[in-house]
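We have chain S already, so just place chains W and X on it with the hints.
Residue numbers (this note's numbering), protein chains in the order written: chain S, 1 to 186; chain W, 1 to 186; chain X, 1 to 186.
Bear in mind the hints are in silico, worked out from the structure with no lab data behind them.
Computed from the model, here is a short list of chain W residues facing chain S with C-beta under 8 Å: (1) TYR109; (2) CYS111; (3) PRO175.
Stretches of chain S that chain W covers, calculated by requiring three or more beta carbons in the stretch to come under 8 Å of a beta carbon on chain W: (4) 80-94; (5) 97-108; (6) 128-141; (7) 149-155; (8) 175-185.
No farther apart than 27 Å at their CA atoms in a straight line, the calculated lysine-lysine pairs in the BS3-like style are these: (9) X:LYS65 - W:LYS65; (10) S:LYS65 - W:LYS65; (11) X:LYS65 - S:LYS65.
A virtual CB, placed ideally from N, CA and C, is assigned to each residue, including glycine.
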Amino acid sequence: MADPVPDLGAYRPPADFTRGRPALVELLWILVEAIFVSSFLPGSWHRRALLSLFGAKIGAKVVLKPGVRVKFPWRLAIGDNSWIGERAWIDNLAPVTIGADCCVSQGAYLCTGSHDWSARGFDLITRPITLEPGAWVAARAVVGPGVTIGRGAVLGLGSVATRDLDAWTVYAGAPALPIKQRAIAP
Amino acid sequence: MADPVPDLGAYRPPADFTRGRPALVELLWILVEAIFVSSFLPGSWHRRALLSLFGAKIGAKVVLKPGVRVKFPWRLAIGDNSWIGERAWIDNLAPVTIGADCCVSQGAYLCTGSHDWSARGFDLITRPITLEPGAWVAARAVVGPGVTIGRGAVLGLGSVATRDLDAWTVYAGAPALPIKQRAIAP
Amino acid sequence: MADPVPDLGAYRPPADFTRGRPALVELLWILVEAIFVSSFLPGSWHRRALLSLFGAKIGAKVVLKPGVRVKFPWRLAIGDNSWIGERAWIDNLAPVTIGADCCVSQGAYLCTGSHDWSARGFDLITRPITLEPGAWVAARAVVGPGVTIGRGAVLGLGSVATRDLDAWTVYAGAPALPIKQRAIAP
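Okay, chain S solo, but in the shape it has when bound (with noise of 0.2 Å):
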């Protein structure tokens, strides 16, 4: 009998994953993003621009902090007014999508990408994440592939979210349970 151990030199992309641009493109993004988006220098402007120029729908008064990380700008859509923030690192192998008003705190990750450890060949599996708006991952918060995090959620400080969070609810934890509710002040 054959050992069940996987076997990761089996491994290939799966025939529906695409990655979305020529590898020269790619690199070119990597060029850019290395010298210009993950630098140390602030300023939201030209991280807009590069952004935008690669692909990614990034709404009016868009904040990006010095260090985010960004893999696919041509699968990142942004809404108005929110932040990302410093070091934050959007692993998007997957479409991401912001909404308006959100916030993305400093060291955040946001993880798109896993493996199906059932098969011998630990095939990647892909999946969206989506913010709706006014959500906030807060600071060293991770987010796991397909979650979406409801209108006005909080997912605390260094949590860990890889199940959908319900809409005005703020969670805490690794993994991140549901604390209290969240309203706006009128």
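Frame of chain S, contents of chains W and X only:
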């Protein structure tokens, strides 16, 4: 009825929040930090000197490892003999006070900033962090705004503290829970 | 009575701890790592070659992504087909042994060092980490000193393991708890 969603376009820094130094000094610090303090090159001496030059109070024999980041050196005090590990990030919009004989291990994150999620303008909230003498924030741990880590307390590897930690107590998990008492052998 | 607080000024590296190479070699590695290994540029070939040159045992077809960090290459062994993801950090004061067909995903942190919190001098403790074949440490997960991750075990996204993980078991959370069994489909 108005939509209750937050409006980050309405965000203004609070009237009682100051950055503590002119913008030009802050920009100069950003450059100095990137080139010398958070660089990969070893050595505590130049890190101590530069942080002190920008207003930090750094005790004798403080060890500062490569990759360390400090938001506002003028809001940092570190007591004698304490260690700040590789890539530790002191995000001190509010003062961070680290007592003597403390250890902040590699990749730890001290977060002094939050937001009022009940306010339409997502108002900034800043709260100081204090490590009392002999405290240890272990690697990749996260400490939230307003937290005091009691004398000799330990926050374990990768743990997240959003509340005060009692003296001489070891905490682990996210959220951090007390798991045992600490005592120094005579 | 003397104050029981730790005295980090009294810290000395343990008599049985060696760095494994002369200081000049370690310094050279720090330079080579910063410039080539932990750089943003893609490609496994040069990372494999440089780690091997400094004493790592790297199997066939090992994938090493940008941003990877290794403390002491001479205390690292990676088996055939294994992958080390972007910005994974192998902090191997003690040996780290990664079996064949393992995956250490992006942003994961393997920590082999701790301190004796009951010792006044905060003595360094180092313990090896072992990943048995087919194990997967998912993105942003943290593994503590002395941990063995059993054959085919999975440590989920952002989870923290400070104890051994059983073979063919999936763990999640901080601290990591078993949540299901893993089986490879025939």
